[in-house]
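Could you put the whole structure together from the sequences, leaning on the hints where they help?
There are 2 protein chains.
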Amino acid sequence: MVSPNLALNEYVAQRQAAGDDIVHMGFGEARLPVFGPLADQLIKGATRNAYGPVAGCEEARAAVAGYFTRRGLPTQPGQIVLAPGSKPLLMALNHVLPGDVVLPRPCWNSYAPQAKLANKDVFPVAIPAECGGVPDPAALRGMIHAARALGRAPRTVVLTLPDNPTGTIASPERVREICRLAEEEDLFLVSDEIYRDLVHPPGTELVSPAEVVPDRTVVTTGLSKSLAVGGWRIGAARFPDSAVGERLRADVTSVASDLWSTLAGPMQAVAAYAFSEPPEIRQQLAACARLHGVVAHAVYEIMISVGAQCRRPTGGFYVYPDFEPLRDRLAGHGVSCSASLSRELLLQSGIAVLPGHHLGDDDQALRFKAATSMLYGESAHEQQMALDANDPLRLPHVDAALTRIDEGLTKLCR
Amino acid sequence: MVSPNLALNEYVAQRQAAGDDIVHMGFGEARLPVFGPLADQLIKGATRNAYGPVAGCEEARAAVAGYFTRRGLPTQPGQIVLAPGSKPLLMALNHVLPGDVVLPRPCWNSYAPQAKLANKDVFPVAIPAECGGVPDPAALRGMIHAARALGRAPRTVVLTLPDNPTGTIASPERVREICRLAEEEDLFLVSDEIYRDLVHPPGTELVSPAEVVPDRTVVTTGLSKSLAVGGWRIGAARFPDSAVGERLRADVTSVASDLWSTLAGPMQAVAAYAFSEPPEIRQQLAACARLHGVVAHAVYEIMISVGAQCRRPTGGFYVYPDFEPLRDRLAGHGVSCSASLSRELLLQSGIAVLPGHHLGDDDQALRFKAATSMLYGESAHEQQMALDANDPLRLPHVDAALTRIDEGLTKLCR
Numbered sequence: 006m007v008s009p010n011l012a013l014n015e016y017v018a019q020r021q022a023a024g025d026d027i028v029h030m031g032f033g034e035a036r037l038p039v040f041g042p043l044a045d046q047l048i049k050g051a052t053r054n055a056y057g058p059v060a061g062c063e064e065a066r067a068a069v070a071g072y073f074t075r076r077g078l079p080t081q082p083g084q085i086v087l088a089p090g091s092k093p094l095l096m097a098l099n100h101v102l103p104g105d106v107v108l109p110r111p112c113w114n115s116y117a118p119q120a121k122l123a124n125k126d127v128f129p130v131a132i133p134a135e136c137g138g139v140p141d142p143a144a145l146r147g148m149i150h151a152a153r154a155l156g157r158a159p160r161t162v163v164l165t166l167p168d169n170p171t172g173t174i175a176s177p178e179r180v181r182e183i184c185r186l187a188e189e190e191d192l193f194l195v196s197d198e199i200y201r202d203l204v205h206p207p208g209t210e211l212v213s214p215a216e217v218v219p220d221r222t223v224v225t226t227g228l229s230k231s232l233a234v235g236g237w238r239i240g241a242a243r244f245p246d247s248a249v250g251e252r253l254r255a256d257v258t259s260v261a262s263d264l265w266s267t268l269a270g271p272m273q274a275v276a277a278y279a280f281s282e283p284p285e286i287r288q289q290l291a292a293c294a295r296l297h298g299v300v301a302h303a304v305y306e307i308m309i310s311v312g313a314q315c316r317r318p319t320g321g322f323y324v325y326p327d328f329e330p331l332r333d334r335l336a337g338h339g340v341s342c343s344a345s346l347s348r349e350l351l352l353q354s355g356i357a358v359l360p361g362h363h364l365g366d367d368d369q370a371l372r373f374k375a376a377t378s379m380l381y382g383e384s385a386h387e388q389q390m391a392l393d394a395n396d397p398l399r400l401p402h403v404d405a406a407l408t409r410i411d412e413g414l415t416k417l418c419r
Numbered sequence: 006m007v008s009p010n011l012a013l014n015e016y017v018a019q020r021q022a023a024g025d026d027i028v029h030m031g032f033g034e035a036r037l038p039v040f041g042p043l044a045d046q047l048i049k050g051a052t053r054n055a056y057g058p059v060a061g062c063e064e065a066r067a068a069v070a071g072y073f074t075r076r077g078l079p080t081q082p083g084q085i086v087l088a089p090g091s092k093p094l095l096m097a098l099n100h101v102l103p104g105d106v107v108l109p110r111p112c113w114n115s116y117a118p119q120a121k122l123a124n125k126d127v128f129p130v131a132i133p134a135e136c137g138g139v140p141d142p143a144a145l146r147g148m149i150h151a152a153r154a155l156g157r158a159p160r161t162v163v164l165t166l167p168d169n170p171t172g173t174i175a176s177p178e179r180v181r182e183i184c185r186l187a188e189e190e191d192l193f194l195v196s197d198e199i200y201r202d203l204v205h206p207p208g209t210e211l212v213s214p215a216e217v218v219p220d221r222t223v224v225t226t227g228l229s230k231s232l233a234v235g236g237w238r239i240g241a242a243r244f245p246d247s248a249v250g251e252r253l254r255a256d257v258t259s260v261a262s263d264l265w266s267t268l269a270g271p272m273q274a275v276a277a278y279a280f281s282e283p284p285e286i287r288q289q290l291a292a293c294a295r296l297h298g299v300v301a302h303a304v305y306e307i308m309i310s311v312g313a314q315c316r317r318p319t320g321g322f323y324v325y326p327d328f329e330p331l332r333d334r335l336a337g338h339g340v341s342c343s344a345s346l347s348r349e350l351l352l353q354s355g356i357a358v359l360p361g362h363h364l365g366d367d368d369q370a371l372r373f374k375a376a377t378s379m380l381y382g383e384s385a386h387e388q389q390m391a392l393d394a395n396d397p398l399r400l401p402h403v404d405a406a407l408t409r410i411d412e413g414l415t416k417l418c419r
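Chain order of the listed sequences is W and B.
Residue 6 is where the first sequence starts when you use our numbering, and the numbers rise one by one after that.
Residue 6 is where the second sequence starts when you use our numbering, and the numbers rise one by one after that.
Everything labelled a hint here was simulated from the structure, so no lab data went into it.
A quick note: this is a predicted structure, and the numbers were derived from the prediction, not measured.
Ideal Cβ positions, reconstructed from N, Cα and C, are used throughout, including at glycine.
Just some of the chain W residues that point at chain B, by a computed CB distance under 7 angstroms: (1) VAL39; (2) ARG53; (3) TYR56; (4) GLY236; (5) TRP237; (6) TRP265.
Where chain W lies over chain B, by a calculated footprint (3+ residues, C-beta under 8 angstroms): (7) 39-51; (8) 82-94.
Below, the structure written as structure tokens:
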């Protein structure tokens, strides 16, 4: 089966092409136009048709190293590998890291299939009440011990900071707890920080496990979310500055050479520019983060107002509500699980969301992920207006989408 | 370990940067400038920052379908999946095809590591005397039966038409023999036809197994070799028009959605244009094929003149000589195997080639792969001159490279 998020995206595109008016929050795309200076770099990079180094050219690796260094993680270019998106890097890590894989429950829908393709078992662990992206530490410890008692060897934990799907950021204390556990239980951490530059409100503290247990952490990132170029496929990974890190980097580079050769040359030119973060890029990142924060918060308010529980979003562009308090009322609409909840929303109100069970969550729970970054408008013009607006919520097309969501959910929860 | 060809390429680039004058034939890159109209399409595609369908947009898939249809393989867009190079497609096929993998010996150096990453065993079978890219049919049958007797299940055979590394094209009769065997032994064929448009002399017949056993054959292709945009990473696969083919296509698309999402949007714009083959593209393909043919043949003549055996190259841009007739003479230079042969060539004469054991060949054999497409010059200007020349062999920089090869080999084989 195709990744459920990509499959839903294609289904909605077909329905929309057929004339259906759908409020599409079922796909994690930062739906904004290409930022002009990025396109300029792509054009400048058009002459780069040679393969070049597998890990990426020196200039691009140096730019990514600078990006991490500015975020409290001193980094040399030799610690960096670029790739066509962070997905193939996460897959390569599955091939080279030891043991089985622990995932937060719920989590991004590609982690588990990737682990299975690499012939690994997946151990899901529930997230804490206040945030996603990390397993609950006590539950994690319990699971590790239980798995070991059964002769299994979970050795890698994937974290998502900020989190997809909950739109929250694990607190520094939570991250440190997981890091302590990683030391005690000899675990390796893969920290997916692709939403890192989309923290809202500004100033929200984010501690990477690479700051706490540097020798045990690989960090992945990319431009897909922060700069809205998912369709350009630009990702990078940062490896520890140690003998272990160097071996991992060499192993991932080896897998890369057999799986994808290298990031396309013109995209390396884009990466070299964007990760060096000149003033206009910093400004664009801030504008995107602000827009995502405002709209995610508005959708969060709707979820709370209809009676759902929801963690307040603090990063990225998702909300992950739980309609458990409304179970009895929803039963009157034939809704009793994750699948029927999202189906009813789509059929009755034309609202597309990704049901929680596709993210590894309990299929009996009444949860879904809504990508609020899809509400900025259909055209590049509308999307740019949303990015430029002082108050994007007052734009008629954004307001209309929020009203549709409010009405659709109110109808369902009555 | 990084793919030996990519590793050697990086090593040579470092030596050249340090001032060494190396004739580099150790890397399979069509070293030519970007064809202008391709760059124009990349630039036009710069606004395509959305993810889009996993398999590629309708327009790009239709173009690839047309490309195959014009080559005697009627194809619908629904049979096509695009990707960032054919490498990830070949990897995805490893994940979804049943059983273990049979490879011609020697063959391209990424087939075996990919199979192993997918947890499959590799069964190498010697190529016939007259061509590479296919296993010798009798040896293939013997191996299949022997493997079965031992409880193993080789089910997929990878073919390379035209071949990398031998630069030859299996005759239609050879291909049909393999296809008959595939029917009789219930084997699946992966036909890597990435060099298909680089047949020389023009008119040389190439039969794809997809013409003979359509339900058992997936064909892969790409623009890296034919149009010299390896660094842009554009590949495609064609699946059978049958229930089995449709299931394979769906399975590969599923793996794709978790491994690489989709080919970058701007590259899809390039693919839609190039695979539709307007007149200027056909002309460029013909010019490239001619240049590759002339230079490969010149290097072949040198190999023969110094006393090596060598299959006459008829496609792609490689020669794969065998220095067995010179074993005694080479022993005087301390050369007794594939590794020492290529090392001596590099150290004594500054000629870089890829030793045969990196391609799965016997490490005691005196064979290497020479990529003759690397001899067109260092600068884009020199390369363009080679492409435009009536007789590229008369260009001083091409002539100088050929003289270096001639002298280096003559010295070694004296």
